[in-house]
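Note that the protein sequences, when read in sequence, are chains A and B.
Going by our numbering, 73 is the number at position 73 of the first sequence; the sequence numbering is gapless.
Going by our numbering, 100 is the number at position 100 of the second sequence; the sequence numbering is gapless.
Do not rely on the hints blindly, as some may be mistaken.
Below, in silico cross-link-like pairs of lysine-lysine (DSBU-like), each with a Cα-Cα straight-line distance of 30 Å or less [to be verified]:
#1 Lys58/A <-> Lys41/B
#2 Lys64/B <-> Lys100/A
#3 Lys41/B <-> Lys14/B
#4 Lys66/B <-> Lys100/A
#5 Lys71/A <-> Lys41/B
#6 Lys41/B <-> Lys100/A
#7 Lys61/A <-> Lys112/A
#8 Lys112/A <-> Lys41/B
#9 Lys14/B <-> Lys66/B
#10 Lys61/A <-> Lys41/B
Here are some of the chain B residues that sit facing chain A, going by a computed Cβ distance under 8 Å [stated by the list, open to error]:
#11 Phe34
#12 Thr49
#13 Tyr106
#14 Ser110
#15 Gly111
Keep in mind that the hints were calculated from the coordinates and are not lab data.
Ideal placement from N, C-alpha and C gives every residue a C-beta, glycine not left out.
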Amino acid sequence: AQSVSQHNHHVILSEAASLELGCNYSYGGTVNLFWYVQYPGQHLQLLLKYFSGDPLVKGIKGFEAEFIKSKFSFNLRKPSVQWSDTAEYFCAAHSSNTGKLIFGQGTTLQVKP
Amino acid sequence: GAVVSQHPSWVICKSGTSVKIECRSLDFQATTMFWYRQFPKQSLMLMATSNEGSKATYEQGVEKDKFLINHASLTLSTLTVTSAHPEDSSFYICSAHQSPGQPSGYTFGSGTRLTVV
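With the hints as constraints, model all of the structure from the sequences given.
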């Protein structure tokens, strides 16, 4: 069965610290990968996505993610976080086999000013 | 850009009553819409896939008789929680798919917070 796993459930960082959130997927067929962010009280927003090509994907607000096929991973990174990055982050994968978009468990990021 | 409108944004209902949630794609046609449920501090769990003009496909463990989904037009899908109970209290989110087979076309509604008392 398809699944998406996020390793970090709750991350606390100080401003300017570097961020890396792990995401692994278990899928068959062609997989497209996404990272979404959900700020407190708001709806989901797309940070970045990977379909094909360059495995290093750059998104909005200085975020990037790297697709490593051999590791079935799509980790999210940001060199220097800001207090405004405090939010819930979700990794998601879409399988061409099922046509479904499945989410990971989510990671709560808290950035201390 | 593509916009999905979800209504109501929050609702409180009495146990045993039914609640209808609407999901509309405002500026595009969506042949497929997805319904998710999100419990506090948890991820989005896919409940069902709604296809225009046909029966919805429910995920394992989701009661189709309790969560009625109707997708009567290319811009509207509704989720009706029937005979609601307190354990149905959750955040319900819809997502409309702009282009069948193209994963880039997911747009999410702002969600509906349902509280059953």
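Consistency of the hints with the structure:
Of the pairs offered as hints, the one joining Lys58/A and Lys41/B holds, with about 27 Å between alpha carbons and a cut-off of 30 Å not exceeded. Among the hinted pairs, Lys64/B with Lys100/A is consistent with the structure: their alpha-carbon atoms are about 18 Å apart, no more than 30 Å. Between Lys41/B and Lys14/B, the direct Cα distance comes to roughly 24 Å. Compliance with the 30 Å bound is thereby established for this hinted pair. Of the supplied pair hints, the one linking Lys66/B and Lys100/A holds, its CA atoms being roughly 22 Å apart against a limit of 30 Å.
Proposed proximity of Lys71/A and Lys41/B is supported: the alpha carbons are some 27 Å apart, at most 30 Å. A threshold of 30 Å between alpha carbons decides the hint, and for Lys41/B with Lys100/A the separation of about 22 Å falls inside it, so the pair holds. A hinted pair counts as satisfied when its Cα atoms are at most 30 Å apart, and Lys61/A with Lys112/A qualifies at roughly 18 Å. A hinted pair counts as satisfied when its Cα atoms are at most 30 Å apart, and Lys112/A with Lys41/B qualifies at roughly 20 Å.
At roughly 16 Å between alpha-carbon atoms, Lys14/B and Lys66/B fall within 30 Å of each other, so this suggested pair holds. Taking the CA atoms of Lys61/A and Lys41/B, the gap is near 24 Å; set against the 30 Å cutoff, the hint holds. Interface hint status for Phe34/B: upheld, as the beta-carbon distance to the closest one in chain A is roughly 7 Å, under 8 Å. The beta carbon of Thr49/B comes within 7 Å of a beta carbon in chain A, closer than 8 Å, and the hint placing it at the interface holds.
A hinted interface residue such as Tyr106/B counts as satisfied when its beta carbon comes closer than 8 Å to some beta carbon of chain A; here the least separation is about 6 Å, so the hint holds. Restraint check, Ser110/B versus chain A: the minimum CB separation of about 4 Å is within 8 Å; hint holds. Proximity of Gly111/B to chain A holds as hinted, the smallest CB-CB distance being about 6 Å (cut-off 8 Å).
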